[in-house]
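Please build the complex by placing chain B on the supplied structure of chain A, with the hints as guidance.
Chains A and B supply the protein sequences, listed in that same order. If you read the first sequence in the working numbering, its first letter stands for residue 1, the second for the next number, and so on. If you read the second sequence in the working numbering, its first letter stands for residue 1, the second for the next number, and so on.
In short, the hints are calculated from the structure, not lab data. Some clues are possibly wrong.
Stated by the list, open to error - Here are the computed distance ranges between Cβ atoms for each label pair:
#1 Lys155(A) x Lys46(B): 52 to 62 Å
#2 Gly88(A) x Leu156(B): 20 to 30 Å
#3 Arg115(B) x Ser136(A): 33 to 43 Å
#4 Glu111(B) x Lys155(A): 50 to 60 Å
#5 Glu128(A) x Arg30(B): 23 to 33 Å
#6 Arg119(A) x Thr33(B): 30 to 40 Å
#7 Glu34(B) x Ser135(A): 36 to 46 Å
#8 Thr48(B) x Arg115(A): 45 to 55 Å
#9 Ala132(A) x Pro99(B): 29 to 39 Å
#10 Ala58(B) x Lys155(A): 32 to 42 Å
#11 Ser135(A) x Gly71(B): 46 to 56 Å
#12 Gly71(B) x Thr48(A): 27 to 37 Å
#13 Gly88(B) x Gly88(A): 26 to 36 Å
#14 Asp36(B) x Gly154(A): 34 to 44 Å
Just so it is clear, CB atoms sit at the ideal spot from N, CA and C, and this is done for glycine as well.
There are 2 protein chains.
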Amino acid sequence: MSDMQITAEPGVPQVLTERTFDAPRGLVYRAFTEPDLLVQWLGPRKYTMTIDRYDLRAGGTWRYVHADDAGNAFGFHGVFHGDPSPDGMVQTFEFEGAPGHVSMDTVTFEEEVGRTIVRTNSVFQSVEARDAMVSSGMEYGMKEGYERLDDLLGKLIANR
Amino acid sequence: MSDMQITAEPGVPQVLTERTFDAPRGLVYRAFTEPDLLVQWLGPRKYTMTIDRYDLRAGGTWRYVHADDAGNAFGFHGVFHGDPSPDGMVQTFEFEGAPGHVSMDTVTFEEEVGRTIVRTNSVFQSVEARDAMVSSGMEYGMKEGYERLDDLLGKLIANR
Numbered sequence: 001m002s003d004m005q006i007t008a009e010p011g012v013p014q015v016l017t018e019r020t021f022d023a024p025r026g027l028v029y030r031a032f033t034e035p036d037l038l039v040q041w042l043g044p045r046k047y048t049m050t051i052d053r054y055d056l057r058a059g060g061t062w063r064y065v066h067a068d069d070a071g072n073a074f075g076f077h078g079v080f081h082g083d084p085s086p087d088g089m090v091q092t093f094e095f096e097g098a099p100g101h102v103s104m105d106t107v108t109f110e111e112e113v114g115r116t117i118v119r120t121n122s123v124f125q126s127v128e129a130r131d132a133m134v135s136s137g138m139e140y141g142m143k144e145g146y147e148r149l150d151d152l153l154g155k156l157i158a159n160r
Numbered sequence: 001m002s003d004m005q006i007t008a009e010p011g012v013p014q015v016l017t018e019r020t021f022d023a024p025r026g027l028v029y030r031a032f033t034e035p036d037l038l039v040q041w042l043g044p045r046k047y048t049m050t051i052d053r054y055d056l057r058a059g060g061t062w063r064y065v066h067a068d069d070a071g072n073a074f075g076f077h078g079v080f081h082g083d084p085s086p087d088g089m090v091q092t093f094e095f096e097g098a099p100g101h102v103s104m105d106t107v108t109f110e111e112e113v114g115r116t117i118v119r120t121n122s123v124f125q126s127v128e129a130r131d132a133m134v135s136s137g138m139e140y141g142m143k144e145g146y147e148r149l150d151d152l153l154g155k156l157i158a159n160r
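Pulled out of the complex, with its shape left as it was, chain A reads as follows (with noise of 0.2 Å):
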């Protein structure tokens, strides 16, 4: 467990996160990739997740909406680049709300003496979408579903 690190250059179309887990990289990835598991953490509280479709292979589309208490619905798509492994996943990454607007996202899983280290490369068509895609709440987005993350790790852990 440890604070999220992100870096945002100015005039740079990308964004680099760094985050440690107290859990193996298989345990990590699983959380990751298994719909079931995904649902559980990714992105804030307030959110419910539905996953339309999350077909994990080459050339495989994936989609899923947040939806909140007063029916709100946010949709988001993409296509995975290459065989998704532990050792990286390739990943388009589009807004619903902003069509037209996709990044390109890589995350990679370091195993370091049963801690995972967990990063992240999100790639922009400009500087302008970054920075929309940054002050829309993509860090707090990510930091408190990283916590979920934790403690959803903690539970998978103890219950094996």
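Using the frame of chain A, we list chain B on its own:
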């Protein structure tokens, strides 16, 4: 017909290009998306291009090989994000000689009184990856490919 403009700023993992063609947008889009036309112009003249697969739809994958007379062969593959159209196509791109290094390309086609402005926007996972692509001859290859495309478009217009 015009010179290609290329923008690759220091410290930014992105390459932007712009090139105008003396042909209507629909025809230029066909040349970018129909395999039997694409093999006639994409890349430098010294390569023979073979398309393994080209599934032009959201989540569709593509792969092609450039081969030269000396027996060298270079494979490339990627996947389409969203429904490709003359308003824009988004795809990932990976050179198989540098596996794991993926870029995301957005191509748009703007018609301007019978001519078409093609703009490409490529974002890379790092500045180093961008610089490696640029120094591998990306600009030369695109410029020569676009000259071949000028010729192909001229023939297609003459034969209509």
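* Verdict for Thr48(B), Arg115(A) (Cβ pair) under range 45 to 55 Å -> holds (50 Å)
* **Consistency of beta-carbon spacing, Gly88(A) to Gly88(B), with hint 26 to 36 Å** => This hint holds: roughly 27 Å between Cβ atoms.
* **Assessment of proposed distance window 32 to 42 Å (beta carbons of Ala58(B), Lys155(A))** => With a Cβ separation near 36 Å, Ala58(B) and Lys155(A) satisfy 32 to 42 Å, so the hint holds.
* To do: Look at the Cβ atoms of Glu111(B) and Lys155(A) and judge whether their distance stays inside 50 to 60 Å.
  => holds (57 Å)
* To do: State, for the Cβ atoms of Arg115(B) and Ser136(A), whether the hinted interval 33 to 43 Å holds or is violated.
  => Because 37 Å falls inside the window, the suggested range holds.
* Can you let me know if the beta-carbon spacing of Lys155(A) and Lys46(B) is within 52 to 62 Å? => Hint holds: Cβ distance 59 Å, inside 52 to 62 Å.
* Asked: When you take the CB atoms of Arg119(A) and Thr33(B), is the distance between them in 30 to 40 Å?
  -> At roughly 35 Å between Cβ atoms, Thr33(B) and Arg119(A) fall inside 30 to 40 Å, so the hint holds.
* Range agreement (Cβ of Pro99(B) with Cβ of Ala132(A), hint 29 to 39 Å) -> holds (32 Å)
* Asked: Would you say the C-beta atoms of Glu34(B) and Ser135(A) sit inside 36 to 46 Å of each other?
  -> Given range 36 to 46 Å: holds, Cβ gap about 41 Å.
* Asked: Taking 23 to 33 Å as the hint, is the beta-carbon distance of Glu128(A) and Arg30(B) inside that range?
  -> Given about 31 Å between the Cβ atoms, the range holds.
* Outcome of range test on Cβ distance (Gly88(A), Leu156(B); 20 to 30 Å) -> Violated: the Cβ-Cβ distance is about 41 Å, outside 20 to 30 Å.
* Could you tell me whether the CB distance from Ser135(A) to Gly71(B) stays inside 46 to 56 Å? => holds (52 Å)
Checked against the numbered hints given earlier, the structure breaks hints 2, 12, 14 and satisfies all the rest.
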